[in-house]
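Chemist: Sequence:
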Amino acid sequence: METKKRVVVTGRGVISPIGSSVSDYWEGLCNGASGVRKITEFDSSGASCQIAGLVTDFDSDAHFSHREKKRYERFTQFGLVAALWAAEEANLLDQDGDSGEIGVMMGTGVGGITSYAQAYDALYAGPEERPIDAYTIPRIMNSAVSSAIAIRLGIKGPNFTLNTACSSGGNAVGLAMQWIREGRLRA
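Sequential numbering from 47 applies to the sequence shown in our numbering.
No false leads were slipped in.
With a straight-line Cα cutoff of 30 Å, these simulated DSBU-like cross-link-like pairs (lysine-lysine) come out: (1) K202 x K50; (2) K84 x K116; (3) K51 x K202; (4) K115 x K84; (5) K202 x K115; (6) K116 x K202.
Simulated from the structure, these hints should not be mistaken for laboratory data. Computed from a predicted model, the values in this text were never measured in an experiment.
I would like the entire structure built from these sequences, with the hints used as guidance.
Modeler: Below, the structure written as structure tokens:
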């Protein structure tokens with residue numbers, strides 16, 4: 047019987063409605079915290095649901111320049127910061143070696159929903175009233191997160207964004223584990 051290569055998680059990063067750090071997130075999970083609350087960021091009165099799990103304690107100014115905030119949709123900001131924390135904890139930022147042996151495998155159900163909504167509004171307002179922002183397409187693509195991570199960390203290996211609805215994140219972790227186990231990737 048063949049022994050499978052052991053694969054472990056050596057770095058973590060979390061930004062979520064119940065905590066924007068690994069320790070806050072874990073504490074929230076252990077205490078049964080809910081990040082679901084009434085939506086106040088925009089008018090949801092016409093929607094059938096006025097509650098959501100929203101991240102409220104993330105300070106984008108602490109992590110991004112004005113130019114980067116224009117380029118990155120909020121979901122990309124979350125993913126990039128969490129990945130940087132995970133890479134730092136795993137000591138991937140200081141390692142020498144072939145950056146082609148490291149990959150990025152992300153899972154997300156939907157891309158930049160805020161940019162979708164803004165583009166929709168701009169289309170119906172008309173180009174004379176409200177032009178569509180030049181960054182709209184790069185911001186709404188599901189791969190915006192994995193691309194930003196690879197660029198920022200100089201990763202030259204495989205770069206995937208899986209979209210399998212609610213199982214996207216789990217599937218991305220499983221695929222990454224499989225590729226590491228098979229020797230295709232180091233991390």
